[in-house]
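Asker: The numbering of the sequence shown is the working numbering, which starts it at -11 and goes up by one.
Do not take every clue at face value.
As the list claims (entries may be wrong) - Per label pair, the in silico range of CB-to-CB distance:
no., residue 1, residue 2, range
1, H145, T114, 31 to 41 Å
2, C148, E24, 29 to 39 Å
3, G22, T63, 17 to 27 Å
4, V28, G73, 37 to 47 Å
5, D127, G22, 18 to 28 Å
6, E50, C148, 36 to 46 Å
7, G197, N75, 40 to 50 Å
8, P149, Q25, 34 to 44 Å
9, A187, I69, 50 to 60 Å
10, T9, S97, 31 to 41 Å
11, D140, A183, 17 to 27 Å
12, R33, S147, 48 to 58 Å
13, T135, G197, 15 to 25 Å
As the list claims (entries may be wrong) - Capping the alpha-carbon separation at 16 Å, the derived lysine to aspartate or glutamate pairs in EDC-like fashion look like this:
no., residue 1, residue 2
14, K49, D62
15, K49, E121
16, K49, E12
17, K49, E24
What the hints contain is simulated information worked out from the structure, not anything from laboratory work.
On a predicted model such as this, the values are computed, not experimentally measured, just so you know.
Note that beta-carbon positions come from the ideal geometry of N, C-alpha and C, so glycine has one too.
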Amino acid sequence: MTPITPASRPRGRPRGFDDATALEAAMRVFWARGYEQAPVDLLCRQMNMPRTSLYHLFGDKEGLFLASISHYADTRLRPVIDALGPNGSLAEDLSAFFGQVVHLASSDSATPGCLISSVLADAAVTTSRFQEERDRRFDALEACIATRLEVDGWPEHGSCPATVAASLAAAMARGVVLRARSGQGRDVLSPVGAAAVTALMALQDRTRGRDPASAKLL
């Protein structure tokens, strides 16, 4: 979202209004309730701003939701992406990545799951504007994963190139957050994340033409 500069701030902007604080409040409402179940009046109350100011600043509820998505990506997804490093071995970085996914999705019972994979994906079913944002966010995550796989020498071609493996890893991560959205906790989700890492490393061995069983001896 383009920052709102003092010169561009509408006259309807509330005194003492803070962009980050307001977007944090809106993000949590959307995250907890979903897009359709987040009424504008509730959003205004949580953001501490009148309806007219909300429309001046964000255009409409869709605009506010997209701004909340950007805030979420900046404040919540950064540790998930940073976990990919490279900080250690591929197995270590994937473990850290799925660990961050589990933490994001299950650490706060008021906001389970993922604002993008859970809420935006649901809203995108009927709104083309949200479909484009969902696809852009999904593609960005998969590109980050693919880059990390390529750093480790994952083949760019063949039966399972890095881009395909990255799509699989992202799908696994989305599966974890959807399970969290349904109420499953860290104790259930952490083993799922660990199993995802094991599966991806075994896939790498097969892609390189190595027997996963014998690879453990190396």
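Asker: Confirm or reject each hint.
Answerer: So, going through the hints one by one against the coordinates:
no. : hint                     : result
1   : H145 to T114: 31 to 41 Å : holds, 38 Å
2   : C148 to E24: 29 to 39 Å  : holds, 38 Å
3   : G22 to T63: 17 to 27 Å   : holds, 20 Å
4   : V28 to G73: 37 to 47 Å   : holds, 41 Å
5   : D127 to G22: 18 to 28 Å  : holds, 23 Å
6   : E50 to C148: 36 to 46 Å  : holds, 38 Å
7   : G197 to N75: 40 to 50 Å  : violated, 27 Å
8   : P149 to Q25: 34 to 44 Å  : holds, 40 Å
9   : A187 to I69: 50 to 60 Å  : violated, 21 Å
10  : T9 to S97: 31 to 41 Å    : violated, 22 Å
11  : D140 to A183: 17 to 27 Å : holds, 20 Å
12  : R33 to S147: 48 to 58 Å  : holds, 54 Å
13  : T135 to G197: 15 to 25 Å : holds, 23 Å
14  : K49 to D62               : violated, 20 Å
15  : K49 to E121              : holds, 15 Å
16  : K49 to E12               : holds, 15 Å
17  : K49 to E24               : holds, 10 Å
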